[in-house]
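> The chain contents come next:
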Amino acid sequence: MTTTESSDEFTPTTSDEARDFLAENSAGAGRAIFPVGGRTALHYGYAPTQPGFAFSTLRLNRTIDYPARDMTITVEAGIRMDELTEILKAEGQRLPIDVPQSSRATLGGVLATNTSGPRRFGFGTMRDYLIGITSIDAAGKTFSAGGRVVKNVAGYDLCKLMIGSLGTLAVITQVTLKVIPQPEMSQLLWCAAADWQAVEVALENLLTSATRPVALEVLNAAAAHEIAAEARLDLPSSGPILCIGFEGAARETEWQAETMSVELEAAGICDVAVVADAESLWFALTDFATSSDEPLTFQANLRPSRLVEFSELATSAGVSLAAHAGNGIVIGHLPDEVTTLDAAVELLSPLQALAHEADGNLVIFDCDESWKQTIPVFGQARQDRALMQRIKQQLDPRDILNPGRVFTKNAMSAAQ
Amino acid sequence: MPETATISTIPAQALQALRRIVGETSVLSAHEQVLVYECDGFVIEKNTPDCVVFPETTEHVVAIVKLCNEYKIPFVPRGAGTSLAGGCLPVGGGVMIALTRMRGIHDVNLRDHYAVVGPGTVNVHLTQHLKGTGFHYAPDPSSQGACTIGGNVATNSGGPHTLKYGVTVNHVLGAEVVLPDGEVVQFGGYTEDNPGFDLTGLFVGSEGTFGVCTKVIVRLTRDPVAYRTMLGVFETVEDATQAISGIIGAGIVPAALELMDQGIIEAVEPAFHFGFPLDAGAVLLIEVDGLEVAVDGEAAQIVELCEQNNAREVRKADSPQQRDLLWKCRKKAFGAIGRLSPSYCTQDGVVPRTKLPEILKFITEASARHDIRIVNVFHAGDGNIHPILLFDERDAEQVKRVLLASDEILNRCIELGGSVTGEHGIGVEKINFMNKLFTEADLETMEAVRIAFNPTGLCSPQKMLPTAGACGMEHIEKSHPARRAAL
Chain A
1 MTTTESSDEF TPTTSDEARD FLAENSAGAG RAIFPVGGRT ALHYGYAPTQ
51 PGFAFSTLRL NRTIDYPARD MTITVEAGIR MDELTEILKA EGQRLPIDVP
101 QSSRATLGGV LATNTSGPRR FGFGTMRDYL IGITSIDAAG KTFSAGGRVV
151 KNVAGYDLCK LMIGSLGTLA VITQVTLKVI PQPEMSQLLW CAAADWQAVE
201 VALENLLTSA TRPVALEVLN AAAAHEIAAE ARLDLPSSGP ILCIGFEGAA
251 RETEWQAETM SVELEAAGIC DVAVVADAES LWFALTDFAT SSDEPLTFQA
301 NLRPSRLVEF SELATSAGVS LAAHAGNGIV IGHLPDEVTT LDAAVELLSP
351 LQALAHEADG NLVIFDCDES WKQTIPVFGQ ARQDRALMQR IKQQLDPRDI
401 LNPGRVFTKN AMSAAQ
Chain B
1 MPETATISTI PAQALQALRR IVGETSVLSA HEQVLVYECD GFVIEKNTPD
51 CVVFPETTEH VVAIVKLCNE YKIPFVPRGA GTSLAGGCLP VGGGVMIALT
101 RMRGIHDVNL RDHYAVVGPG TVNVHLTQHL KGTGFHYAPD PSSQGACTIG
151 GNVATNSGGP HTLKYGVTVN HVLGAEVVLP DGEVVQFGGY TEDNPGFDLT
201 GLFVGSEGTF GVCTKVIVRL TRDPVAYRTM LGVFETVEDA TQAISGIIGA
251 GIVPAALELM DQGIIEAVEP AFHFGFPLDA GAVLLIEVDG LEVAVDGEAA
301 QIVELCEQNN AREVRKADSP QQRDLLWKCR KKAFGAIGRL SPSYCTQDGV
351 VPRTKLPEIL KFITEASARH DIRIVNVFHA GDGNIHPILL FDERDAEQVK
401 RVLLASDEIL NRCIELGGSV TGEHGIGVEK INFMNKLFTE ADLETMEAVR
451 IAFNPTGLCS PQKMLPTAGA CGMEHIEKSH PARRAAL
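Top line first, the protein sequences correspond to chains A and B. For the first sequence, UniProt numbering begins at 1 and goes up steadily by one. For the second sequence, UniProt numbering begins at 1 and goes up steadily by one.
Isolated chain A (complex conformation) (with noise of 0.2 Å):
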């Protein structure tokens, strides 16, 4: 994030600080407030539209109450996902979301972004998990929603609010998370396709599999190879290839790679490698959308049966891309050759347009800040965006969070 590289920053070591330095703030100069995390994700958006301060939460790190046998979590945002996944980990249990760059990526962060990964198709995504959440307005007003119990529905869910806000409405300095047991056993099959055809043969048999995979990816031979590599596994990465994930008990699991493996076979499918200790490849697979120095990183939502019309046309432009099949979602990397905007636009307009046509989207993840002048970041316009200015409005009615960031000229214009 460019603007604020040069601004000042602050990082506060308890809410109580954080909320009056808000305060002031907005007592005072009100100047912008950019809230950072593991700063994994700045790049999303547009570009801020005035200088302001970086407003750290890496010091609102503890743990609040880890009540195990509730199976739930309270915690402050800024710790970082590892750490949090290590906490979990020791009473054998985890929240099953995917987050890349996990070593950096904090709990807020990623809940401001709403990450998810290859396991969101078993587990669905931080809007399942949850429960409640404290946060901080521009004002400086320290408000919560939820709680701490599984199933609550006192009040608006301003969970759901925040999830996905990308800062833009308060920051998020404290949640609870609801979280599941650690599975006894997970592993992938590598399944190596003959051509897309197979691809979507394979998946409309999955829809009568006997099996419930919680992982299902579709990568073309680009992604294939480098996330191969990134996993140090030796695996075949010529045409498209499936890669299918169980989890759970043993005897369950190696029952579904099985069963898997057959199926497979039957739809012409005979290339499977069952990788057994999947945990490098878990990790390749999701560090994926952001692993590149590519020009341009999309995220791609279609409805799944589009999706690998949508995958053949972009790896036909040489996009390299890994999609989250079972759940429409193609994260793509331009390739290197894409070294100008007039290049970028080309090549994206006919995938921007099977997006919107398969009623779905294209939104950029990251790219140079000067193309965010022509490409729209959030792609095409909903019809819900007036609404969303309209709660912006009510909770940062000066524009002090992230100013810019979702709401600018740029978009309304691309909007229309």
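Don't read these hints as lab results, they were simulated from the structure. The model shown is predicted, which means the values in this text are computed figures rather than measured ones. Do not rely on the hints blindly, as some may be mistaken.
Quick list of in silico lysine-lysine cross-link-like pairs, DSSO-like style, CA-CA up to 30 Å [to be verified]:
1. A/Lys392 to B/Lys436
2. B/Lys361 to B/Lys215
3. B/Lys361 to A/Lys178
Assemble the complex: chain A is given as a structure, and chain B must be docked to it using the hints.
Structure of chain B alone, referenced to chain A:
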């Protein structure tokens, strides 16, 4: 503070205009006709709407909402009226928009695992429609034979299977909504991760205060291959709750984990003849589902944990017929309560799961203290209790004791780190608990969000937030003495 809705009887020309919008026979306004709509499943407070309209299309709803805005008449959406916290009580009258005729199943797409339904679609009708496809709609509230999916969206309904599958919000991909000013918007959609705020997630559970839902895009879930359904019989409620704690603590997430105490068994057994032991202190209805290869292992582990916690026996529902009967007993338990008393009030508190023994002990004490019989049937795995207070609503003194006992139980839930509602909603019933659960700042923020959707407060006034249109209280006191008493 938003401009407060003018609460008055509806002018004749507005009524005429409503008839022009939906047709003569689709507006009820005679007293004896609207009397049916004076309350939902929360019978302690009642008030009739000025009229009830039955739109059949989104355009109808838009026209009705715009008309209400023109005349500044409050309006409240209603599904089947099975909600239990007064969520569709027409506080101070106004126009009730009954959505039961918007019940089409418009589209089922298995490849993309969604269905598009009208808000008036009865929950179980979708399940029946999907039978044989290998997919189902997961949320299954006990009232699913009557309640509508639009109503489920409004209250973020749960049900016995939420323990593993989640509540309504986990299964709604999008919604078409007529906002309180008459604008039609679509939240979410047929795809996941739509850019911007998750207004679908925010809308679900907003109890009709953010607009009128006219279409719902729901996620479909694959059917489990196998079930193992068990009935653990315990001498005491204490043992049963310890067993629950043991099961959850062991890292097993059953599909359902429900507790019925002796009081409710006494009502259910003569009604359905399942063969429940009438002398047991409590039974646990436990279901695991998933792959055939997995369920036996989990079931065996559960049996062992029940036995460790002094279960007298653990029975298995071996046939699908037995399983169906067992679930029928559970889901229709409320219907059987008529055998015990003329009226009942179902409470809906939540505690951390490990605090279940503590809250149940407290309920027993509260029952004795106020001389109100209380029976229990609830979603034990989630820590979501449903004490049912039995009384006779014709006896004002009993009603008072019921309210007192309810309040004490819910306050105790808060003290134990829980909530006053797990799935029924705040409605009008629990408005007074909001400032116990939340700070003034929390409520201000919620109010700010409500204003973004519903700036005039005409849509479902006096619900959910204690601040919502509080300056209109004098109208309510005049038109609705029971409400004044409750407040």
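> Taking 30 Å as the top limit, are the C-alpha atoms of B/Lys361 and A/Lys178 close enough?
holds, 26 Å
> Does A/Lys392 pair with B/Lys436 here, judged by a C-alpha cut-off of 30 Å?
holds, 27 Å
> Within a Cα-Cα threshold of 30 Å, do B/Lys361 and B/Lys215 meet the stated pairing?
violated, 43 Å
In summary, the one numbered hint that this structure violates is 2.
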